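Model the full structure from these sequences, guided by the hints.
These are the residues of each chain, in order.
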Amino acid sequence: MAKLNVNPTRMELSKLNKQLGIATRGHKLLKDKQDELMRQFIVLIKRNRELRMEVEKELEQSFKNFFLASATMAPEMLEESISFPKESISVHLSRKNVMGVHVPVMEMKRKMEGDEGSIYPYGCAQTPSELDDAIAKLNETIPKLLELAEVEKACQLLADEIEKTRRRVNALEYRTIPDLEETIKYIRMKLDESERSTITRLMKVKDIIDR
Amino acid sequence: MDRLDFTQGVVRTRVLEKKLLTFGTLERLIDAGTMDEAMKILKETDYGSSFSLLTENNDFETILFAELKRSFQIMDDVSPDSSIVNLLRLKYDYHNLKVLLKEIILDKDFSHLYLPIGTMDIKQIKTFILNENLQDVDPPVRAAIVEVLTDYKITRDPQRIGIILDRLYIYHFLKIIEAIKSPLFIEYAKAMIDFINVRTLIRVKRQKKDRKFLEEVLLSKGNIEKEKFLHSFTDSIDQIIRNFRNEKIAKGLIPALQSYKETNRFEDFEKEMDNYLIKLIREAKHIHFGPEPIFAYLLAKETEMKNLRIILVSKANEIPPQMVRKRMRESYV
Numbered sequence: 002m003a004k005l006n007v008n009p010t011r012m013e014l015s016k017l018n019k020q021l022g023i024a025t026r027g028h029k030l031l032k033d034k035q036d037e038l039m040r041q042f043i044v045l046i047k048r049n050r051e052l053r054m055e056v057e058k059e060l061e062q063s064f065k066n067f068f069l070a071s072a073t074m075a076p077e078m079l080e081e082s083i084s085f086p087k088e089s090i091s092v093h094l095s096r097k098n099v100m101g102v103h104v105p106v107m108e109m110k111r112k113m114e115g116d117e118g119s120i121y122p123y124g125c126a127q128t129p130s131e132l133d134d135a136i137a138k139l140n141e142t143i144p145k146l147l148e149l150a151e152v153e154k155a156c157q158l159l160a161d162e163i164e165k166t167r168r169r170v171n172a173l174e175y176r177t178i179p180d181l182e183e184t185i186k187y188i189r190m191k192l193d194e195s196e197r198s199t200i201t202r203l204m205k206v207k208d209i210i211d212r
Numbered sequence: 042m043d044r045l046d047f048t049q050g051v052v053r054t055r056v057l058e059k060k061l062l063t064f065g066t067l068e069r070l071i072d073a074g075t076m077d078e079a080m081k082i083l084k085e086t087d088y089g090s091s092f093s094l095l096t097e098n099n100d101f102e103t104i105l106f107a108e109l110k111r112s113f114q115i116m117d118d119v120s121p122d123s124s125i126v127n128l129l130r131l132k133y134d135y136h137n138l139k140v141l142l143k144e145i146i147l148d149k150d151f152s153h154l155y156l157p158i159g160t161m162d163i164k165q166i167k168t169f170i171l172n173e174n175l176q177d178v179d180p181p182v183r184a185a186i187v188e189v190l191t192d193y194k195i196t197r198d199p200q201r202i203g204i205i206l207d208r209l210y211i212y213h214f215l216k217i218i219e220a221i222k223s224p225l226f227i228e229y230a231k232a233m234i235d236f237i238n239v240r241t242l243i244r245v246k247r248q249k250k251d252r253k254f255l256e257e258v259l260l261s262k263g264n265i266e267k268e269k270f271l272h273s274f275t276d277s278i279d280q281i282i283r284n285f286r287n288e289k290i291a292k293g294l295i296p297a298l299q300s301y302k303e304t305n306r307f308e309d310f311e312k313e314m315d316n317y318l319i320k321l322i323r324e325a326k327h328i329h330f331g332p333e334p335i336f337a338y339l340l341a342k343e344t345e346m347k348n349l350r351i352i353l354v355s356k357a358n359e360i361p362p363q364m365v366r367k368r369m370r371e372s373y374v
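Residue numbers (my numbering), protein chains in the order written: chain A, 2 to 212; chain B, 42 to 374.
A few of these clues could be false.
Stated by the list, open to error - Calculated cross-link-like contacts (lysine-lysine; reagent style DSS-like; alpha-carbon spacing at most 25 Å): (1) B:367 x A:138; (2) B:326 x B:289; (3) A:87 x B:231.
Bear in mind the hints are in silico, worked out from the structure with no lab data behind them.
As the structure is a prediction and not an experimental result, all values here were calculated from the model.
Here it is in structure tokens:
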């Protein structure tokens, strides 16, 4: 800990006192923010874990179906049947404010909403039916996958913000506030000291005059 | 077509049939511990000659394709009439056609998806289409191209490209078969159409499409009337089993439907369908004068490759042998 390089004057003292007040208040506020961020973060992380497990399980299932389909037809034929999608999907992006952090909100827009069969872009005669299962499964997984992306990004952003806040809290707690306190103490002592020396000098002068 | 013309061809085919993978070899392949082991076993068989084409380890698709190409070439040589071999090449022609039309409509490059074992020169057809001059294209193919392109202009639905070409493929196939006048071929094609239609019926129900769509994708010219499928559209699976109990293909179809009912999956359905068709075509073993053995050999080869692909894909994905065994198709020999 080091005292700041300032002149020990009354002016500085009141200035530092004011700074200390602000720093303490800021510290308290940031600490509150950190706690709340932490709470939100833990909720999100839990959801993230759940989603990831679900999505991974579903994707595994879907890939298994794809593998079954690929085992019964030439790879070129498989790729041909899905090379020209019938449905087009877009993602609408907006953002949400969580404790001052802008996290993304994603929303899927299907062009052919309501037409359940629109996800299969091929005819039935030459394709194995496992392909249907694989694609249906993928279609089910997509909204979850999108939510996972959303939650995961939010977690990342929150984690960054928590780190930043923690840095600030620590800097205030262990650096700025002790420094200020020490400097104030130093100035106060310096001022006291000079006051005492003035009094002594006055008493001495008075003594000389009286003699 | 004179059946006696095929005498020599049939004899040569019989010799080639001996080289098809035996049950024992397939079993050994299934039980092979790793992909490398399986490839080693495969190298000892008739497939060994294609191993020199391998550029990277264990790329079995290269071998399978080379072998398919080789089988077609041999049969071209063996068969005195090209229409038999071309009949089986037709599937690849229509596949190429689908790729070509999607390529043209999307203006993308799908050249890696072509399977160069068809009868048509697809590059030439592409130039014809781009120049809007289809006069020199084979009439059924020309009709197919025109139908797909006009339909796409109106509906803008890529699924219909597949549907229309699948349908035209089957009809083209049937037309050639009718010209050959072999009862076995006709029975084969009709059984195939019936099986596909039953599968389509269930798939359309699962895809939650409507009756109109079903009417669109059903194939006509099978043994079972199209109407019967449309009537079964709202029926439960039990009712469907009852509906088709007395059909010609019931022997294969009913177990297939039963297994679908139990598992709610098509895995066994497709296996039963392939098995039924290969059993049907085994009839060709007793025919000594005629085109049937040549057709049967190529189908047997395709089934063999299907089995090989199931085994090798499973090996690559570390699927246990008993699961693989369950999915194996019956082989011709």
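**Q.** Unsatisfied constraints (hint numbers, rising)
**A.** Of the numbered hints, just 3 does not hold.
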